[in-house]
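> Go ahead and model the full structure; you've got the sequences and the hints to work with.
Counted from 1, the sequence shown has number 109 at position 110 by numbering that gives the first Met the number 0; the numbering is strictly sequential.
These are computed hints drawn from the structure, not numbers from a lab. All C-beta atoms, glycine included, are put in the ideal place defined by N, C-alpha and C. A portion of the hints provided could be inaccurate.
[Claimed, not checked] Here are the simulated SDA-like pairs of lysine to any residue, each with C-alpha atoms no more than 20 Å apart in a straight line:
id: 1; residue 1: K50; residue 2: E26
id: 2; residue 1: K9; residue 2: F29
id: 3; residue 1: K49; residue 2: Y68
id: 4; residue 1: K9; residue 2: Q88
id: 5; residue 1: K49; residue 2: F37
id: 6; residue 1: K49; residue 2: I96
id: 7; residue 1: K49; residue 2: M0
id: 8; residue 1: K49; residue 2: F80
id: 9; residue 1: K12; residue 2: R85
id: 10; residue 1: K50; residue 2: G2
id: 11; residue 1: K50; residue 2: E122
id: 12; residue 1: K50; residue 2: K9
id: 13; residue 1: K49; residue 2: R85
id: 14; residue 1: K49; residue 2: S105
id: 15; residue 1: K50; residue 2: L5
id: 16; residue 1: K49; residue 2: K9
id: 17; residue 1: K50; residue 2: S105
id: 18; residue 1: K46; residue 2: S105
id: 19; residue 1: K12; residue 2: Q88
id: 20; residue 1: K49; residue 2: G33
id: 21; residue 1: K46; residue 2: P61
id: 22; residue 1: K49; residue 2: A35
id: 23; residue 1: K9; residue 2: A24
id: 24; residue 1: K49; residue 2: E76
[What the hints assert, rightly or not] If you anchor each label on the Cβ, the simulated ranges turn out as follows:
id: 25; residue 1: R85; residue 2: F37; range: 32 to 40 Å
id: 26; residue 1: G16; residue 2: N71; range: 36 to 44 Å
id: 27; residue 1: Q88; residue 2: S123; range: 21 to 29 Å
id: 28; residue 1: V124; residue 2: K12; range: 40 to 48 Å
id: 29; residue 1: G16; residue 2: V126; range: 37 to 45 Å
id: 30; residue 1: M0; residue 2: V126; range: 41 to 49 Å
id: 31; residue 1: P14; residue 2: E122; range: 40 to 48 Å
id: 32; residue 1: I11; residue 2: H118; range: 29 to 37 Å
id: 33; residue 1: E72; residue 2: I116; range: 20 to 28 Å
id: 34; residue 1: R85; residue 2: E122; range: 28 to 36 Å
id: 35; residue 1: T77; residue 2: C42; range: 29 to 37 Å
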Amino acid sequence: MDGVELTTLKRIKHPKGDVYHALRANEASFFGFGEAYFTTILCGEIKGWKKHLRMTMNLVVPVGNVCFYMHNEDTHETVMFELGERNYQRLTVGSGIWMAFRGCSSDINLVLNIANIPHDPSESVNVILETFSL
Numbered sequence: 000m001d002g003v004e005l006t007t008l009k010r011i012k013h014p015k016g017d018v019y020h021a022l023r024a025n026e027a028s029f030f031g032f033g034e035a036y037f038t039t040i041l042c043g044e045i046k047g048w049k050k051h052l053r054m055t056m057n058l059v060v061p062v063g064n065v066c067f068y069m070h071n072e073d074t075h076e077t078v079m080f081e082l083g084e085r086n087y088q089r090l091t092v093g094s095g096i097w098m099a100f101r102g103c104s105s106d107i108n109l110v111l112n113i114a115n116i117p118h119d120p121s122e123s124v125n126v127i128l129e130t131f132s133l
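This is the structure in structure tokens:
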């Protein structure tokens, strides 16, 4: 899907605790830094649909497993990616793409977003979940 990119990330094993890479400034999916934040999602719960008008999101799931759904209004294409401990990758979602996500692990599901701009409620649109089918 145009505007969506998946990047395999390094997980470096260490006997005292692993190192999880997320994003480097010299990678193609780095569009600047605005803020980084974590959000949790409970198993079976869904957050969405949201479309950012200017923000590019770089989403990483270091704990648990989360299913991300993207919908392109122009092409009516919907795609899904499951990220997390079983599939450690970064999902880059450009502006103009509708997105929702669901907690897939019974324990905590933790999502990191490294955004290119600071949070601004006026630059996103939210609609009720049933607007697009999952």
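> Is K9 within 20 Å of F29, Cα to Cα?
Holds, at about 16 Å.
> Is the hinted pair K50 and G2 satisfied, with a Cα-Cα distance of at most 20 Å?
The hint holds at about 12 Å.
> Are K49 and M0 close enough, with their CA atoms no more than 20 Å apart?
holds, 17 Å
> K49 and Y68: Cα distance at most 20 Å?
The hint holds at about 11 Å.
> Okay, G16 versus N71 on CB: inside 36 to 44 Å?
holds, 39 Å
> Please verify whether K49 and G33 have alpha carbons no more than 20 Å apart.
Cα-Cα ~18 Å, so holds.
> Verify the proposed pairing of K49 with F37, using a straight-line Cα cut of 20 Å.
holds, 17 Å
> For the pair we were handed, K49 and R85, check the Cα-Cα distance against 20 Å.
The given pair, whose Cα atoms are some 26 Å apart, is violated under the 20 Å limit.
> Quick check: does the Cβ-Cβ distance between P14 and E122 fall within 40 to 48 Å?
holds, 44 Å
> Between I11 and H118, is the Cβ distance one that fits in 29 to 37 Å?
Since the Cβ atoms of I11 and H118 sit about 30 Å apart, the hinted range of 29 to 37 Å holds.
> For the range 40 to 48 Å, tell me whether the beta carbons of V124 and K12 fit it or not.
holds, 41 Å
> For a C-alpha distance cap of 20 Å, please report whether K50 and K9 respect it.
violated, 29 Å
Going down the numbered hints, you'll see the structure goes against 1, 12, 13, 14, 16, 17, 25, 30, 35, while the others check out.
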